[in-house]
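Protein chains in written order, with my numbering: chain C, 205 to 273; chain S, 43 to 293.
Treat each hint with caution, since some may be false.
Said to hold, decoys possible - Distance condition first, Cα-Cα at most 30 Å in a straight line; then the derived DSSO-like pairs of lysine-lysine:
{"id": "1", "chain 1": "C", "residue 1": "K210", "chain 2": "S", "residue 2": "K122"}
{"id": "2", "chain 1": "S", "residue 1": "K260", "chain 2": "C", "residue 2": "K240"}
{"id": "3", "chain 1": "S", "residue 1": "K276", "chain 2": "S", "residue 2": "K54"}
{"id": "4", "chain 1": "C", "residue 1": "K240", "chain 2": "S", "residue 2": "K51"}
{"id": "5", "chain 1": "C", "residue 1": "K248", "chain 2": "S", "residue 2": "K55"}
{"id": "6", "chain 1": "S", "residue 1": "K55", "chain 2": "C", "residue 2": "K206"}
{"id": "7", "chain 1": "S", "residue 1": "K122", "chain 2": "C", "residue 2": "K227"}
{"id": "8", "chain 1": "S", "residue 1": "K51", "chain 2": "C", "residue 2": "K227"}
{"id": "9", "chain 1": "S", "residue 1": "K122", "chain 2": "C", "residue 2": "K206"}
{"id": "10", "chain 1": "C", "residue 1": "K210", "chain 2": "S", "residue 2": "K44"}
{"id": "11", "chain 1": "S", "residue 1": "K122", "chain 2": "C", "residue 2": "K248"}
{"id": "12", "chain 1": "S", "residue 1": "K234", "chain 2": "C", "residue 2": "K240"}
{"id": "13", "chain 1": "S", "residue 1": "K284", "chain 2": "C", "residue 2": "K206"}
{"id": "14", "chain 1": "S", "residue 1": "K122", "chain 2": "C", "residue 2": "K240"}
{"id": "15", "chain 1": "C", "residue 1": "K248", "chain 2": "S", "residue 2": "K238"}
{"id": "16", "chain 1": "S", "residue 1": "K54", "chain 2": "C", "residue 2": "K210"}
{"id": "17", "chain 1": "C", "residue 1": "K227", "chain 2": "S", "residue 2": "K55"}
{"id": "18", "chain 1": "S", "residue 1": "K238", "chain 2": "C", "residue 2": "K227"}
{"id": "19", "chain 1": "C", "residue 1": "K248", "chain 2": "C", "residue 2": "K210"}
{"id": "20", "chain 1": "S", "residue 1": "K44", "chain 2": "C", "residue 2": "K227"}
{"id": "21", "chain 1": "S", "residue 1": "K234", "chain 2": "S", "residue 2": "K122"}
{"id": "22", "chain 1": "S", "residue 1": "K276", "chain 2": "C", "residue 2": "K210"}
Claimed, not checked - To list a few chain C residues with every Cβ distance to chain S over 12 Å, as calculated:
{"id": "23", "residue": "T208"}
{"id": "24", "residue": "R232"}
{"id": "25", "residue": "P264"}
In case anyone wonders, no lab produced these hints; they're calculated from the structure.
All values reported here derive from a predicted model rather than from experimental measurement.
Where a beta carbon is used, it is the ideal one built from N, C-alpha and C, also for glycine.
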Amino acid sequence: MKGTIKIDGEFCKECLLCTTVCKNQNLRPAAELNSKGFHPIELKEDADCNGCALCAVVCPEVAIEVYRE
Amino acid sequence: MKNIFSRPKSLKKAAFHYCAGCGHSITHRLIAEAIDELGIQDRAIGIPPAGCAVIAYNYFDVDMLEAPHGRGCAVATGMKRVLPDRIIFSYQGDGDLAAIGTAETMHAANRGENITVIFINNAVYGMTGGQMAPTTLLGQVSTTTPPGRSALLDGHPIHLSEILGQLPGTRYIERCAVNSPANITRAKRAIKKAFKCQMDGAGFSLVEILSQCPTNWKMTPVNACRWVTETMAKEFPLGVIKDLKAQAPTS
Numbered sequence: 205m206k207g208t209i210k211i212d213g214e215f216c217k218e219c220l221l222c223t224t225v226c227k228n229q230n231l232r233p234a235a236e237l238n239s240k241g242f243h244p245i246e247l248k249e250d251a252d253c254n255g256c257a258l259c260a261v262v263c264p265e266v267a268i269e270v271y272r273e
Numbered sequence: 043m044k045n046i047f048s049r050p051k052s053l054k055k056a057a058f059h060y061c062a063g064c065g066h067s068i069t070h071r072l073i074a075e076a077i078d079e080l081g082i083q084d085r086a087i088g089i090p091p092a093g094c095a096v097i098a099y100n101y102f103d104v105d106m107l108e109a110p111h112g113r114g115c116a117v118a119t120g121m122k123r124v125l126p127d128r129i130i131f132s133y134q135g136d137g138d139l140a141a142i143g144t145a146e147t148m149h150a151a152n153r154g155e156n157i158t159v160i161f162i163n164n165a166v167y168g169m170t171g172g173q174m175a176p177t178t179l180l181g182q183v184s185t186t187t188p189p190g191r192s193a194l195l196d197g198h199p200i201h202l203s204e205i206l207g208q209l210p211g212t213r214y215i216e217r218c219a220v221n222s223p224a225n226i227t228r229a230k231r232a233i234k235k236a237f238k239c240q241m242d243g244a245g246f247s248l249v250e251i252l253s254q255c256p257t258n259w260k261m262t263p264v265n266a267c268r269w270v271t272e273t274m275a276k277e278f279p280l281g282v283i284k285d286l287k288a289q290a291p292t293s
């Protein structure tokens, strides 16, 4: 992985905008709920993240931090 | 690994009260990023509107002063004249700016007040439950236009940015959207340019943001973003409406 993201699950409202912009389809809603009752987004185990930050750019809740090598 | 994207310094670590996918949240972040990048956190003063963003002061880590409904530009005028070294921005929705506050906005723009206005256009009254706003599109269903807005009965959507663009006092007006990564990047550039316009003492700047309102449009956030491009941007075309920033302000 060239990059990775850190998601604050408590901030996520499951709007799914990030899942539509990720070119590698790395994101999906988690099985468990957060305290607001949403399924927060998580990075798939086999994710191939290149740290493009598009998910963070569209995230309304500023729940995503992006790291790149 | 190096951190390349995180929460801007001027945005408090507080969860937004906005609905999932709301354009307000994205615009808040863009304003905070612009404030950080211009290094004006200690001298920026924001004016939240009446509307969904009424408690925007809970999110921005800059000074904020609440204005009465629609009076953002009037309050900003006073603040800028008393504190000319501060960067004053008014954050207003379409109900606030284009309906109840039209007079204040028009006259502040016409006087060429050196302030920045962020105009959130989501084509409905969001906070009160999705009633028809002046900017509601023809045929658009709202709670007060159940069969869709009719030109005969309800009039046409108002294009306030174009109207303001005709006034000699305005310097920089651009319409953007926050429904895709490319549009979000453009919107941020426009917000930064508007602040820069004020910092250079050039005069009145306004950035209109077409903002998705999934809840009141009765759409998923993803469909609402699509609707902005496919329908809303046809009525309100994106782009620069006026840019006289390069010219010297009139004395």
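Evaluation of the provided hints:
no. : hint              : result
1   : K210(C) - K122(S) : 40 Å, violated
2   : K260(S) - K240(C) : 21 Å, holds
3   : K276(S) - K54(S)  : 35 Å, violated
4   : K240(C) - K51(S)  : 25 Å, holds
5   : K248(C) - K55(S)  : 26 Å, holds
6   : K55(S) - K206(C)  : 27 Å, holds
7   : K122(S) - K227(C) : 45 Å, violated
8   : K51(S) - K227(C)  : 28 Å, holds
9   : K122(S) - K206(C) : 47 Å, violated
10  : K210(C) - K44(S)  : 12 Å, holds
11  : K122(S) - K248(C) : 50 Å, violated
12  : K234(S) - K240(C) : 33 Å, violated
13  : K284(S) - K206(C) : 42 Å, violated
14  : K122(S) - K240(C) : 40 Å, violated
15  : K248(C) - K238(S) : 41 Å, violated
16  : K54(S) - K210(C)  : 18 Å, holds
17  : K227(C) - K55(S)  : 28 Å, holds
18  : K238(S) - K227(C) : 34 Å, violated
19  : K248(C) - K210(C) : 12 Å, holds
20  : K44(S) - K227(C)  : 21 Å, holds
21  : K234(S) - K122(S) : 18 Å, holds
22  : K276(S) - K210(C) : 37 Å, violated
23  : T208              : 7 Å, violated
24  : R232              : 14 Å, holds
25  : P264              : 4 Å, violated
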